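Visitor: Below are the chains, spelled out letter by letter.
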Amino acid sequence: GAVVSQHPSWVICKSGTSVKIECRSLDFQATTMFWYRQFPKQSLMLMATSNEGSKATYEQGVEKDKFLINHASLTLSTLTVTSAHPEDSSFYICSASFFGGVSYEQYFGPGTRLTVT
Amino acid sequence: DAKTTQPNSMESNEEEPVHLPCNHSTISGTDYIHWYRQLPSQGPEYVIHGLTSNVNNRMASLAIAEDRKSSTLILHRATLRDAAVYYCILRLTGNQFYFGTGTSLTVIP
Numbered sequence: 040g041a042v043v044s045q046h047p048s049w050v051i052c053k054s055g056t057s058v059k060i061e062c063r064s065l066d067f068q069a070t071t072m073f074w075y076r077q078f079p080k081q082s083l084m085l086m087a088t089s090n091e092g093s094k095a096t097y098e099q100g101v102e103k104d105k106f107l108i109n110h111a112s113l114t115l116s117t118l119t120v121t122s123a124h125p126e127d128s129s130f131y132i133c134s135a136s137f138f139g140g141v142s143y144e145q146y147f148g149p150g151t152r153l154t155v156t
Numbered sequence: 002d003a004k005t006t007q008p009n010s011m012e013s014n015e016e017e018p019v020h021l022p023c024n025h026s027t028i029s030g031t032d033y034i035h036w037y038r039q040l041p042s043q044g045p046e047y048v049i050h051g052l053t054s055n056v057n058n059r060m061a062s063l064a065i066a067e068d069r070k071s072s073t074l075i076l077h078r079a080t081l082r083d084a085a086v087y088y089c090i091l092r093l094t095g096n097q098f099y100f101g102t103g104t105s106l107t108v109i110p
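These protein sequence lines map, in sequence, to chains R and E.
At position 112 of the first sequence the residue is numbered 151 (the numbering used here), and the sequence of numbers has no breaks.
At position 108 of the second sequence the residue is numbered 109 (the numbering used here), and the sequence of numbers has no breaks.
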């Protein structure tokens, strides 16, 4: 199956600093990438949809100035959490989608654990 | 805005078949049904997906009701490694996934 990587796998940062998370599709070109966050014992919540070369579309309630998304190429998307606060501590997961010949397929990265102290 | 409902939890004995149900009564004609599973502190893993016909792959089978308002993921022989949270998701027109609460599957040795 298709492989999606994330870097870093975990990060600890101080309150007020910014953190960048990378998402890469390793063996395919992704038409669209998605960013999710997941709090402990909860389901994944879609934050934003990102298409290469265009601005991301954010879900209602997600602050676009706080969660900056850059989709520079068909294999790379980045999420920057700006001025992070302890309430931003969460598990951030990206996914990448492509057309598999019959239908669109979506594969997820392993996630990035962010802890803000 | 999840459009699927699943039982919160299910149990199965090891090496027995497991049938995980999912209701999606508001499904539209172009919505694909996707199943993923997630282990703690990992990203979701693709299991199977389908539109109208039943589907089989090396991991599982997907049985889709004729009216498409429900589906069932079938694990033919549950192993301890199959213990996970299973999510049934409708892929909408823009390819977005809105996750529901999923079913936590416990496999009993």
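Think of the hints as simulated: they come from the structure by calculation, not from any bench.
Treat the numbers as computed from the prediction; the structure is a model and nothing was measured.
We put the CB at the ideal spot given by N, CA and C, even for glycine.
There may be inaccurate statements among the hints.
Here are some chain E residues pointing at chain R (derived, C-beta under 7 Å) [said to hold, decoys possible]:
1. Pro41
2. Gln43
3. Asn96
4. Phe100
5. Ser105
6. Thr107
Stretches of chain E that chain R covers, calculated by requiring three or more beta carbons in the stretch to come under 8 Å of a beta carbon on chain R [unchecked claim]:
7. 4 to 10
8. 25 to 38
9. 77 to 85
Derived DSBU-like pairs: lysine-lysine, alpha-carbon spacing no greater than 35 Å straight-line [unchecked claim]:
10. Lys80/R <-> Lys4/E
11. Lys70/E <-> Lys4/E
12. Lys59/R <-> Lys80/R
13. Lys70/E <-> Lys59/R
14. Lys4/E <-> Lys94/R
15. Lys103/R <-> Lys59/R
16. Lys105/R <-> Lys59/R
17. Lys105/R <-> Lys53/R
18. Lys80/R <-> Lys70/E
19. Lys105/R <-> Lys70/E
20. Lys70/E <-> Lys53/R
21. Lys103/R <-> Lys53/R
Visitor: Give a verdict on every hint.
Guide: Here is how each hint holds up against the structure:
The restraint placing Pro41/E at the interface with chain R is violated, with a minimum CB-CB distance near 10 Å, outside the 7 Å limit. Nearest Cβ of chain R to the Cβ of Gln43/E: about 6 Å, under the 7 Å cut. The hint holds. Here the hint on Asn96/E is kept, as its CB sits about 5 Å from the closest CB of chain R, short of 7 Å. About 4 Å separates the beta-carbon of Phe100/E from the nearest beta-carbon of chain R, less than 7 Å, and the hint is met.
With its C-beta approaching chain R no nearer than about 10 Å, Ser105/E sits outside the 7 Å limit, and its interface hint is violated. Residue-level restraint check for Thr107/E is violated (minimum Cβ-Cβ distance to chain R is 15 Å; threshold 7 Å). Check result for the segment 4 to 10 of chain E against chain R: violated, 0 residues qualifying (beta carbon to beta carbon below 8 Å, three or more required). Given as covered by chain R, the segment 25 to 38 of chain E passes the check, having 3 residues with a CB less than 8 Å from a CB of that chain where 3 are the minimum.
With 0 residues having a beta carbon nearer than 8 Å to a beta carbon of chain R, the segment 77 to 85 of chain E misses the requirement of three or more and the stated coverage is violated. Straight-line distance between C-alpha atoms of Lys80/R and Lys4/E comes to about 20 Å, which keeps the hinted pair within the 35 Å bound. Taken as a hint, the Lys70/E and Lys4/E pair is honoured in the structure, with Cα atoms around 11 Å apart against an allowance of 35 Å. Our distance criterion of 35 Å between C-alpha atoms is met by Lys59/R and Lys80/R, whose separation comes to about 24 Å.
Note on Lys70/E and Lys59/R: the hinted pairing is violated, with a Cα-Cα distance of about 41 Å set against a maximum of 35 Å. Between Lys4/E and Lys94/R the CA atoms are separated by roughly 26 Å; this keeps the pair inside 35 Å, and the hint holds. For a cut-off of 35 Å, the pair hint linking Lys103/R to Lys59/R stands: about 14 Å separates their Cα positions. Taking the CA atoms of Lys105/R and Lys59/R, the gap is near 12 Å; set against the 35 Å cutoff, the hint holds.
Proposed proximity of Lys105/R and Lys53/R is supported: the alpha carbons are some 16 Å apart, at most 35 Å. Taking the CA atoms of Lys80/R and Lys70/E, the gap is about 28 Å. The hint holds against a cut of 35 Å. At roughly 38 Å between alpha-carbon atoms, Lys105/R and Lys70/E are farther apart than 35 Å, so this suggested pair is violated. Annotation: proposed proximity of Lys70/E to Lys53/R is violated, straight-line Cα distance about 47 Å (limit 35 Å).
Restraint check: the Cα-Cα separation between Lys103/R and Lys53/R comes to about 21 Å, which is no more than 35 Å; the hinted pair holds.
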